[in-house]
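Participant: Residue numbers (my numbering), protein chains in the order written: chain W, 1 to 262; chain H, 1 to 301.
Treat the hints as calculated values from the structure; they're not laboratory data. Glycine is no exception: its CB is placed at the ideal position from the N, C-alpha and C atoms. Incorrect hints may have been included.
Stated by the list, open to error - Chain H side only, calculated, beta carbon under 8 angstroms to chain W, not exhaustive:
1) F11
2) L50
3) A52
4) D87
5) R88
6) W92
7) R93
8) R143
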Amino acid sequence: MEKIKTIILKEWAEVFKNKMVLFTVAFLPLIFIAMPLVTLAATANMGGEISSADSPPDEFFGDLCVDLSEYDCTQVYMLNIYTLMFMMLPVIIPASIASYSIVGEKTARSLEPLLATPITIAELVTGKALAAIIPAVAATWLAFGIYVAAAWFMVTERIFAYLVAPMWLTAVFIVGPLLALMAVAAAIMISSRVSDPRVAEQLSAIVVLPLVMLLIGQSVGFILIDQRVILWMGVIVAALDVGLMYLAVKVFQRETILTRWK
Amino acid sequence: MIKTENLTKKFDETLAVDRLTLEIDEGEVFGFLGPNGAGKTTTVRMLTSLIAPSAGTATVMGYQIGADDQQIRRNVGILTETPGMYDRLSAWRNLTIYATLYEVENVEQQVEKYLKMLGLWERRHDAAGTFSKGMRQKLAIARTLLHEPKIIFLDEPTAGLDPEAAKLVRDFIAELKGEGRTIFICTHNLDEADRLCDRVAVFKTRLRVVDSPQALRKQLYGRQVVFHLAEAAEGYASMAENLPFIKRVQAVGNKLVLSLEEPEQHNPDIIRQLVRAGANIQFVGELRHSLEDIYLQLVND
């Protein structure tokens, strides 16, 4: 445990001195918090302006908001899209941290002396993965907490109930960390093939694409995100995590790093 | 301390190390010489359990490579070709990280000891990235020694350093030698190897030769004495060839170079004969071949 802790603290001490990483960890969550809150504030008094505000929701919404008016349902639908965006944080932040950490070590040639120590590969990968996942998950949860707390003052109780529905709590608190693990595994594999942290970061962020597709799907009405979708997402991401981490650990072997990494 | 038997490493179709067999004793400073791409770093990586051999066996401090890798890593120190420090972190932080990873008991005490020993104590709070090349190398040496390894592998320890920094590093290696540690040095610097090493190996994918620098000189060239004459030496070559204890004669300009077994015993006789033949001898001296001559001859062979 001591070695894992040492690796985590070392990673944080190094990586958070990098402005790009610091920006990603500190400002990205702020942007993700601000966007829905600004939208909520802007649409807060529009209920009266919409002619069909009190009419039942369009059939497009399906089972999304039973017993809600069209105006309230539109708000729930909009908040769902924003909440889904929060799921991008645990992908983007660890991809950035892990890319800078691994490619940084590669370019500084600090991996060989590190691998010469009696640290096991399991300890090293766990330390590096946790160093990327912990800040990402913490930033996501904190940002989500702030967003929910602020929204509580801005929406009705009925809409708020949708915001903290088990579906979103599952998404943020369970699927989020699973996504972060997936991003780290991708970053490890990609970092072994490239020598520029920015390229590694951008390639690792490809993991975010399925989420973007979900977001677009929800926006254009192709798919309606509900509990079932989130659960399936959790199962698929967990399965991918197992496979990707297996491959990442295979790539992260002493001999492979020293003789095959570019 | 280190024993290898037919140690071999192949990367796909490329043979990097071919059936290396050698034995290094406790407290010995062993120079591993060879051109770029000869397989020196690959050998060090195998002996420090960083990569696995394709064939053959090796033991380090009695631990078997492949079976006792963690034990080997715990007990050896390695100075890699590039220092590989964490540039954004302070010298102190760099060393405490490694001391923890090497399971050192008194982390702060050991870090302080080596920072002071290598003259970096005053700069301990500065980021390693602000250090000069020589200071970074010293910091890397400190990192190598934190866990008090009995065997130290140094891969090009003075490469890229200015003469002053290189001398500091060499002096420190000499100090380590005095402490009875076994030191395995990969180097291109033949003068360094000549001064520091008890034995040297010339290596180019396979082991060409291994012995002490003195023995190698003797083995390749024998002992040679050069007589500087006031006139052309050519005229005295045939006279020298007739002496029974002379093995080889070379006359170059006004220099007569004679190869013989025991110059201390035969030089007075040679001088007498040369003077009798009319030679005007200006100087007499033993010709000492550098390790570079030996190295170049062996590598080119």
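Participant: A separate judgement is required for each hint: does it hold in the structure or not?
Facilitator: Tested hints:
A distance limit of 8 angstroms between C-beta atoms decides the matter here; for H:F11 the minimum to chain W is near 6 angstroms, and the interface restraint holds. The criterion of a C-beta within 8 angstroms of any C-beta in chain W is met by H:L50, whose closest approach is roughly 5 angstroms, and the hint holds. At about 6 angstroms, the closest approach between the beta carbon of H:A52 and any beta carbon in chain W falls short of 8 angstroms, and the interface hint on this residue holds. This hint holds: H:D87 has a C-beta 6 angstroms from the nearest C-beta of chain W, less than the 8 angstroms allowed.
A hinted interface residue such as H:R88 counts as satisfied when its beta carbon comes closer than 8 angstroms to some beta carbon of chain W; here the least separation is about 5 angstroms, so the hint holds. Because the beta carbon of H:W92 sits about 12 angstroms from the nearest beta carbon in chain W, more than 8 angstroms, this interface hint is broken. Interface restraint check: H:R93 against chain W, minimum CB-CB distance 7 angstroms, threshold 8 angstroms, status holds. Of the supplied interface hints, the one on H:R143 holds, with its beta-carbon coming within about 7 angstroms of a beta-carbon of chain W, less than 8 angstroms.
The earlier numbered hint that this structure contradicts is number 6, and it is the only one.
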